[in-house]
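J.: Letter by letter, the chains look like this.
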Amino acid sequence: MLKWVQKLGMIALLFALWEGLTRAGVWNKHLFPGPLEVVETLIAMVGDGRMGGATARSLGRLFRAYLMSVAMGVPLGLLIARLAFFRNAVKPVVMGLQALPSICWLPLALLWFGLNDSAILFVVVMGSVLGISIATEDAVNGLDPQLARVARTLGVRGLRFYFGVLLPGALPGIVTGLKLGWSFAWRALLAGELLFVSGGLGQLLTMGRELMDVSQVMAVMLAIILIGITVDRVLFQTVETRLRRRWGLTST
Amino acid sequence: MVRRLIERLRGLRKVAPRLLRPANVNADRAKISIAQLGHQFSNKVVALQDVNLNVRSGEFVCLLGPSGCGKSTLLYALAGHVAPTGGTVSIDGKAIQGPGPDRLLMFQEAALFPWLTVRGNITFALGARGVPRSERRERADTFIQRVRLEGFADSLPHELSGGMKMRASLARALAVDPTVLLMDEPFGALDAQTRVHMQEMLQAIWLRSGKTVVFVTHDVQEALMLGTRVVLMAPRPGRVVEDLEIHLPMPRSLEDPSLDSMARDIRHRLRAVEGSPLEAQRLEPVPPRRTKTPSSLPRPSAVTGR
Chain A
1 MLKWVQKLGM IALLFALWEG LTRAGVWNKH LFPGPLEVVE TLIAMVGDGR
51 MGGATARSLG RLFRAYLMSV AMGVPLGLLI ARLAFFRNAV KPVVMGLQAL
101 PSICWLPLAL LWFGLNDSAI LFVVVMGSVL GISIATEDAV NGLDPQLARV
151 ARTLGVRGLR FYFGVLLPGA LPGIVTGLKL GWSFAWRALL AGELLFVSGG
201 LGQLLTMGRE LMDVSQVMAV MLAIILIGIT VDRVLFQTVE TRLRRRWGLT
251 ST
Chain B
1 MVRRLIERLR GLRKVAPRLL RPANVNADRA KISIAQLGHQ FSNKVVALQD
51 VNLNVRSGEF VCLLGPSGCG KSTLLYALAG HVAPTGGTVS IDGKAIQGPG
101 PDRLLMFQEA ALFPWLTVRG NITFALGARG VPRSERRERA DTFIQRVRLE
151 GFADSLPHEL SGGMKMRASL ARALAVDPTV LLMDEPFGAL DAQTRVHMQE
201 MLQAIWLRSG KTVVFVTHDV QEALMLGTRV VLMAPRPGRV VEDLEIHLPM
251 PRSLEDPSLD SMARDIRHRL RAVEGSPLEA QRLEPVPPRR TKTPSSLPRP
301 SAVTGR
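These protein sequence lines map, in sequence, to chains A and B.
Using the numbering used here, you'd call the opening residue of the first sequence number 1 and step up by one each time.
Using the numbering used here, you'd call the opening residue of the second sequence number 1 and step up by one each time.
On the chain B side, residues computed to face chain A include the following (Cβ under 10 Å): (1) GLY80; (2) HIS158; (3) ALA173.
Ranges between beta-carbon positions, derived for each pair: (4) ALA95/B to TYR162/A: 27 to 33 Å; (5) TRP112/A to GLY100/B: 51 to 57 Å; (6) ARG245/A to ARG129/B: 27 to 33 Å; (7) GLN97/B to LEU100/A: 46 to 52 Å; (8) GLU135/B to ASN88/A: 41 to 47 Å; (9) GLY9/A to ARG129/B: 57 to 63 Å; (10) LEU67/A to GLY130/B: 34 to 40 Å.
Negatives, chain B to chain A, calculated, CB over 10 Å: (11) VAL46; (12) ALA83; (13) THR88; (14) ASP191; (15) GLU200; (16) MET201; (17) ARG208.
These are calculated hints, taken from the structure and not from any lab test.
Small disclaimer: the values here were computed from a predicted structure and weren't measured.
For each residue, glycine too, the CB sits at the ideal point set by N, CA and C.
Could you put the whole structure together from the sequences, leaning on the hints where they help?
T.: Right under this line is the structure:
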């Protein structure tokens with residue numbers, strides 16, 4: 001209860017500060033609209049369907065790209081953790097590419113795929129797949145050696161070992177990696193959408209800039225924050241908490 | 001009063017040799033046969049030196065000794081988790097190459113899969129041993145009952161106490177039905193009260209199942225309470241110093257006074273083996289590493305990794 005009061009109190013305080021600054025007229029009102037105006041714009045944008053359409057488009061892209069990342073990243077991480085060739089040869093490549101911010105792939109992607117969705121998907125996948133595979137590798141390597149030993153003495157081998165011991169044992173770590181991958185993907189997506197016209201939240205931001213409509217820019221930023229928090233808190237937090245409870249990793 | 005007590009103690013000591021007799025098992029009649037076994041860790045520490053041991057089918061053999069005497073290494077060699085650097089270990093005449101379905105190793109920790117329920121842990125193990133799906137559940141429930149965990153079949157390991165976890169682990173081990181059960185100080189991490197319960201339960205189960213058990217412990221009372229045989233081991237280098245049969249009827253009770261007298265006798269023997277530093281030097285011709293404490297010797301688990 002107190003936690004919530006503090007949380008909401010802080011948000012209210014920030015908004016009040018924001019409103020105060022606007023009213024004080026330190027900056028030009030067109031460049032620094034107050035929160036009420038921004039929220040009004042947000043509601044208007046939701047009302048006329050612009051926000052909904054852009055969000056659906058962005059999330060649709062994100063979802064596809066993220067699925068691809070998970071489908072490639074988890075097996076890749078597993079291979080790196082289990083096979084010497086992948087550990088010796090592929091891992092350095094993965095680590096090297098991870099050092100490249102994903103948006104740097106965009107020029108290449110535009111040349112390869114043209115001005116379309118595939119280019120953005122490529123950037124998002126490159127942004128999250130490596131992080132997911134590195135986290136998966138970590139999680140698999142961190143498997144309790146006791147469990148590996150008991151699996152050996154019980155004669156658990158092959159696929160049964162991979163799907164019955166290795167993956168479930170590494171699952172809490174893998175989910176943490178997936179959460180990380182999600183936030184990488186979210187960032188890469190918006191960066192990509194900002195840089196070329198594509199009809200998503202990023203484009204709404206760019207359009208706001210071009211129209212000098214600061215309250216639209218801020219409204220979209222607010223929407224992005226809200227979507228990010230919702231997915232992180234509602235989806236990942238719930239899954240992670242349940243998993244950790246079931247695995248006995250939290251003391252309850 | 002004091003004199004009577006001393007006389008009584010003397011009397012008990014005389015009893016002990018009759019209860020503890022040297023074991024003689026021929027290799028050709030043995031279920032487990034260990035010959036000239038030696039093992040040296042990669043850091044040159046000699047974990048085992050010239051170990052010879054034959055175990056008959058259905059025996060309950062306790063390996064007893066201080067830490068660093070190689071008893072765990074010996075057990076891991078039997079389990080196939082450690083490949084010894086010399087000598088042979090064979091079961092039913094066949095040399096051991098890696099873990100096999102005829103043997104099962106139990107650890108000091110219960111080592112249950114934390115994401116599976118008690119029943120799930122057992123059915124998963126049964127699946128790995130090729131038991132048909134339709135039989136798994138029923139068999140799991142049978143053994144859950146045998147270790148008196150009824151009502152906890154659907155509990156997750158972290159919801160159980162230490163003793164209950166160990167019982168679940170025992171149920172899992174029994175359910176896969178190995179002919180040889182290898183136990184590495186399985187009750188070492190339990191509190192004294194729970195340990196006594198577990199010992200009594202294990203004894204009852206063993207009497208009923210007739211499995212061959214090799215049980216590692218450093219607790220003299222535990223070894224004498226459970227074993228039909230006790231093998232005394234000594235460290236630096238790890239070796240077998242005495243192999244005694246315990247002639248005391250089962251089921252046994254820890255309160256049995258003859259157990260106390262035997263324990264005294266065993267402790268006496270162990271002390272004689274460990275002896276003074278001078279004596280140790282005589283037993284061990286190359287002692288440059290003697291400064292190391294036994295606990296600093298690598299555990300087999302540390303060596304095998306996974």
